[in-house]
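With the hints in hand, could you dock these two chains into one complex?
As they're listed, the protein sequences go chains R and S. Heads up: the first sequence begins at 1 in this note's numbering, then just goes up one per residue. Heads up: the second sequence begins at 1 in this note's numbering, then just goes up one per residue.
It is possible that some hints are incorrect.
To be verified - Cross-link-like lysine to aspartate or glutamate pairs, in silico, EDC-like; alpha carbons within 16 angstroms at most:
| hint | chain 1 | residue 1 | chain 2 | residue 2 |
| --- | --- | --- | --- | --- |
| 1 | S | K14 | S | E83 |
| 2 | R | K3 | S | E44 |
| 3 | S | K14 | S | E28 |
| 4 | S | K71 | S | E52 |
| 5 | S | K57 | R | E94 |
| 6 | S | K14 | S | E78 |
Just so you know, the hints here were simulated from the structure itself, not pulled from any lab data. A quick note: this is a predicted structure, and the numbers were derived from the prediction, not measured.
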Amino acid sequence: DAKTTQPNSMESNEEEPVHLPCNHSTISGTDYIHWYRQLPSQGPEYVIHGLTSNVNNRMASLAIAEDRKSSTLILHRATLRDAAVYYCILNGNEKLTFGTGTRLTIIP
Amino acid sequence: DTGVSQDPRHKITKRGQNVTFRCDPISEHNRLYWYRQTLGQGPEFLTYFQNEAQLEKSRLLSDRFSAERPKGSFSTLEIQRTEQGDSAMYLCASSLGTRYNEQFFGPGTRLTVL
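This is chain S alone, in the form it adopts within the complex (with noise of 0.2 angstroms):
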């Protein structure tokens, strides 16, 4: 399976503590985006890298949010300091570079945070 992979799948913690997700992305694409999902809405955006340079961050990225992708290639997705509103699913997406190009998403991660 070549897609968008995401790693853990799931993932429960206690409030105040942190965490880190994984995203590889597909081989050759160049654009990484990470997503949040509440339920009953659509996925909003968080910050998306071309290569290793991050381009762009939404105001709900908060300082207690960081996200690498070091070396052009799989990103991280840290939370510091869990509250429980963190909880929802985490997405990433990967593009060829355009915004013409489609969007591959991964299976997301959800964070439950107690």
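Next up, chain R with everything else stripped away, as it sits in the complex (with noise of 0.2 angstroms):
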């Protein structure tokens, strides 16, 4: 599976937005790109996926680049409930390949 590469954490005050960024200068053609995110002592939560064009859901927003090789995940104004570890996941197959993720804090 191609990799994707994001910052460890990121900080962001409380009503905000939010912009997490994702590299996947190796993705393909076919590969879609995901994002989950996983609260603390929770199983992973979906949030929202895409293939080439902008996507909006009532979670988050997902901007994607042109070139397909780099995306933005949008939490329009975060809340405290946002605080979490976010995975950016290029789904080529039908597992999903975790990497890290961004641990995202809300400063209130």
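Okay, structure coming up:
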């Protein structure tokens, strides 16, 4: 599976937007970009996924670069409940290959 | 609650003992996955089922590990002759059936091998 690169950690103030970057320079044409998050002491939770176009859902937005070599997960208004580890995953086959993700800390 | 459930949530065992974990997926999901997560790391894929057929196994799944999904419903993961290195969180997930479908994870079973 192609590899993703994410910052180890990020901080954001409560009620402000958060932009979580992910680099995936070796992405293949059929790889979907998935984002999951894992809150403390819970299993991972699906956030959003996309292929080429930007995507929006109730949780977040996903902005995908035109060359697809990077993407950004956008939380429009962070709350304390958004504190979690966020994983960017290229889904080229059945299994999910998690990296170490970005630990997001929300500052009240 | 119609989410993925796992039992037990916690298991403490002595080295050399056998343990078995159960996962109940979301009822209409035909894909079921097992992952393992150690502290500070992301989950690692172990194996997955399409209905009752086990379609892929990771190299992480040694001969001491066996998984089943009889009748394509719940699944069990058994570890024989446990070792301290088996201590981890074991996560189960299910999905509707394509790689584009989101996987829904259970809360996990935390195994501690003394």
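Do the hints match the structure? See the list:
1. S:K14 with S:E83: 8 angstroms, holds
2. R:K3 with S:E44: Distance ~14 angstroms between R:K3 and S:E44 Cα, so the pair holds.
3. S:K14 with S:E28: 36 angstroms, violated
4. S:K71 with S:E52: 6 angstroms, holds
5. S:K57 with R:E94: 11 angstroms, holds
6. S:K14 with S:E78: Distance of about 15 angstroms is within 16 angstroms: holds.
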